[in-house]
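Take these sequences, add in the hints, and give me the full structure.
One letter stands for each residue in the lines below.
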Amino acid sequence: MSFDIAIATAFVVAIVTAATPLLFAALGELVTEKSGVLNLGVEGMMLVGAVAGFAATVASGNYLLGILAAAAAGALMALLFAVLTLHLLANQVATGLALTLFGIGLSALIGRSYVGMPLERLPQLAIPGLSDIPFLGPVLFGHDLLVYLGLALVPGIAWFLNRTRPGLVLRAVGENHDAAHAIGYPVRRIRYLATVFGGALCGLGGAYLSLAYTPMWAEAMTSGRGWIALALVVFATWKPWWVLAGAYLFGGMTIGQLHGQGMGLPVPPEVMNMLPYLATILVLVLISRDATRIRLNAPACIGKVFHPDA
Amino acid sequence: MSLKLEARRQTAPIMVWLTPILAVALTLLAGSALFAALGFDPVQALHSYFIQPVSSLYGLAELGVKATPLALIAVGLAIGFRANVWNIGAEGQLTLGAICGGGVALAFYESGGWWTLPLMMAAGVLGGMAWAAIPALLRTRFNASEILVSLMLTYVATLILGMLVRGPWKDPEGFNFPQSRLFDADATLPLLMSGSRLHIGALFALAVVAAGWVLLARSLIGFQVKVIGLAPDAAAYAGFSQKRMVWFCLLLSGGLAGLAGLFEVAGPIGQLTPTVSPGYGFTAIIVAFLGRLNPIGILLAALLLALTFIGGEATQISMGLPVAVTGVFQGMLLFFLLACDVLVRYRLRWQGATPAAAPAPLREAAE
Numbered sequence: 096m097s098f099d100i101a102i103a104t105a106f107v108v109a110i111v112t113a114a115t116p117l118l119f120a121a122l123g124e125l126v127t128e129k130s131g132v133l134n135l136g137v138e139g140m141m142l143v144g145a146v147a148g149f150a151a152t153v154a155s156g157n158y159l160l161g162i163l164a165a166a167a168a169g170a171l172m173a174l175l176f177a178v179l180t181l182h183l184l185a186n187q188v189a190t191g192l193a194l195t196l197f198g199i200g201l202s203a204l205i206g207r208s209y210v211g212m213p214l215e216r217l218p219q220l221a222i223p224g225l226s227d228i229p230f231l232g233p234v235l236f237g238h239d240l241l242v243y244l245g246l247a248l249v250p251g252i253a254w255f256l257n258r259t260r261p262g263l264v265l266r267a268v269g270e271n272h273d274a275a276h277a278i279g280y281p282v283r284r285i286r287y288l289a290t291v292f293g294g295a296l297c298g299l300g301g302a303y304l305s306l307a308y309t310p311m312w313a314e315a316m317t318s319g320r321g322w323i324a325l326a327l328v329v330f331a332t333w334k335p336w337w338v339l340a341g342a343y344l345f346g347g348m349t350i351g352q353l354h355g356q357g358m359g360l361p362v363p364p365e366v367m368n369m370l371p372y373l374a375t376i377l378v379l380v381l382i383s384r385d386a387t388r389i390r391l392n393a394p395a396c397i398g399k400v401f402h403p404d405a
Numbered sequence: 030m031s032l033k034l035e036a037r038r039q040t041a042p043i044m045v046w047l048t049p050i051l052a053v054a055l056t057l058l059a060g061s062a063l064f065a066a067l068g069f070d071p072v073q074a075l076h077s078y079f080i081q082p083v084s085s086l087y088g089l090a091e092l093g094v095k096a097t098p099l100a101l102i103a104v105g106l107a108i109g110f111r112a113n114v115w116n117i118g119a120e121g122q123l124t125l126g127a128i129c130g131g132g133v134a135l136a137f138y139e140s141g142g143w144w145t146l147p148l149m150m151a152a153g154v155l156g157g158m159a160w161a162a163i164p165a166l167l168r169t170r171f172n173a174s175e176i177l178v179s180l181m182l183t184y185v186a187t188l189i190l191g192m193l194v195r196g197p198w199k200d201p202e203g204f205n206f207p208q209s210r211l212f213d214a215d216a217t218l219p220l221l222m223s224g225s226r227l228h229i230g231a232l233f234a235l236a237v238v239a240a241g242w243v244l245l246a247r248s249l250i251g252f253q254v255k256v257i258g259l260a261p262d263a264a265a266y267a268g269f270s271q272k273r274m275v276w277f278c279l280l281l282s283g284g285l286a287g288l289a290g291l292f293e294v295a296g297p298i299g300q301l302t303p304t305v306s307p308g309y310g311f312t313a314i315i316v317a318f319l320g321r322l323n324p325i326g327i328l329l330a331a332l333l334l335a336l337t338f339i340g341g342e343a344t345q346i347s348m349g350l351p352v353a354v355t356g357v358f359q360g361m362l363l364f365f366l367l368a369c370d371v372l373v374r375y376r377l378r379w380q381g382a383t384p385a386a387a388p389a390p391l392r393e394a395a396e
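These protein sequences, in sequence, are chains U and H. Residue numbers for the first sequence follow the working numbering, beginning at 96 and rising by one. Residue numbers for the second sequence follow the working numbering, beginning at 30 and rising by one.
Please note that a few of the clues may not be correct.
Covered stretches of chain H (chain U as the covering partner; in silico rule of three or more C-beta atoms under 8 Å from a C-beta of chain U) [as the list claims (entries may be wrong)]:
no. : segment
1   : 181 to 192
2   : 231 to 243
3   : 369 to 377
Quick list of the computed label-pair ranges, beta carbon to beta carbon [what the hints assert, rightly or not]:
no. : chain 1 : residue 1 : chain 2 : residue 2 : range
4   : H       : 144       : U       : 153       : 54 to 60 Å
5   : H       : 84        : U       : 219       : 39 to 45 Å
6   : H       : 76        : U       : 207       : 19 to 25 Å
To be clear, the hints were calculated from the coordinates, so they are not data collected in a lab. Since this is a predicted model, take the numbers as computed values, not measurements. Idealized CB from N, CA, C, for every residue including glycine.
And the structure:
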């Protein structure tokens, strides 16, 4: 019996760990998209965040500094994107792809001396007494700082977007930038802030991979999670709580397929590894087929160039 | 005084071709800074990256070898991009083309004939088209983003290829290495130049560039592509079907990517291996933009980006530079190009601070 509890505990804890990078990245992209900016560079920002977080942690021996460095690196990448799309009015789809290609190369370049370097996992914050309760202790109180931060961001972002005036302005800018500009809101500045904030969260998502999920650096270690996060935003119809549900669903599937491989199911490992990608497609299809629902929930100005004088 | 962007009445035709040159120059400058930051002498590094590798006949032939898949894929992508159909998964379609074409080669191993290669090419094209048909179907039927679907399928394609070369298609005499048999002579592309790896695929790439140009400049469907991209409402009014366009663009670019994949395995590689491309499908996106979504421009851009691959390989050996520098170069090039492109549609104007106050009364009225 106690053995089963140990397995169940490990299973749930692993799901939380697998879901957290997706949660950060998808929440960041959600805020960016709500302001009307489509940044397809999530994968690139996550990778640069992952390598920056790892390098800073190794150099300083301080996880907090590593986490901050990752957020800063993601924010810087997003700033690059913002300058190109908001000031130089470049196509957002093309710029996002460029950001991903650039991020893959840059992170590999920065990270080449860190490949194979061991690092201790980001420590879990144990709460004396509570963390020792069987099952519930580790599942509820045995996580690291970033897991709690990610979970706290969900209600935080939902509250900000739906219940505060700046949140309303951000959404207005995303729905109709010309009207928002006519009323006198600084469309460009708001989009800068939303994009950079989104980049910082993508950086944190990457750092979670390199500091906690698999504490190491490897080239292209995000393996498509940035793109899955983009799909999760659509899946969630731009709602933070649904992002949480989607991230945990995908975390569960990742861990489920890993366990399936471990138990020696008579299926080639490659087929199991395909599951998250196929599930992403399935989820996209299920959500997108309701065109009205997407139209009602998607920010109306997403991806459109804003030029104040035009 | 501030620098303002003023929309041009029409795009500036000179700028369309000047900005790529400007972008290349800026990339070289930024690249020098990067080399200096990595502790290499920038002049020497640039020389061994961009000039040394192509200062021999073999090097020039290699340029053709690597430009072939880039040009093939980019022509298809560019036609899609013009119609706002974003096929980002050409790498996956390339992989499927390699799998299907390579499968034919293995099926008729030492039992083929003159017809083996044409059959392989047909299989490669169909494989790429089939893989691109999935995002086309899901986009037209269920409204799912072709960007995300085609990209997810790239990961799936790589896993399928890995499964095949580690499993049923593994070379029985290959000491358990994850690769297929070497293709026999009937299944290998003829070379254009002995002593090099330049194969007849390069001629196909040239033909596709020419055909792409004719299609865009002279055909009805090319006209529809341009109208749908520039003015979707006008296209709908004219009765051009958006759905048919999605199918056309995805099948065309998928088929060309599949052909490029088949050429890789039937030419330079000569067998199926777990990876059949150093990212041609993604680099082709840069090629398409750098070539101004114009087939002739794409040919030049493909040669330039091919040079970044060769330079990356050469400096990895000669100077110990990490191969990732290639990706950084390619990403920077696209950044600079997108940044410079602002000059095509806008003109820079120095402007005093006074006229900027226009929205103020509106703001007061609203409050």
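The hints, checked one at a time:
Interface restraint, the segment 181 to 192 of chain H with chain U: holds (8 residues with C-beta to C-beta distance below 8 Å; minimum three). Using a Cβ-Cβ cut-off of 8 Å, 0 residues of the segment 231 to 243 of chain H lie near chain U, which falls short of the minimum of three, so the contact claim is violated. Against chain U, the segment 369 to 377 of chain H contributes 4 residues with a C-beta closer than 8 Å to a partner C-beta. That satisfies the three-residue criterion, and the hint holds. For the hinted restraint 54 to 60 Å between residue 144 (chain H) and residue 153 (chain U), the CB-CB distance of approximately 58 Å keeps it satisfied.
The given range of 39 to 45 Å is broken by residue 84 (chain H) and residue 219 (chain U), whose C-beta atoms sit roughly 57 Å from each other. The hinted window of 19 to 25 Å between residue 76 (chain H) and residue 207 (chain U) holds, with their beta carbons roughly 23 Å apart.
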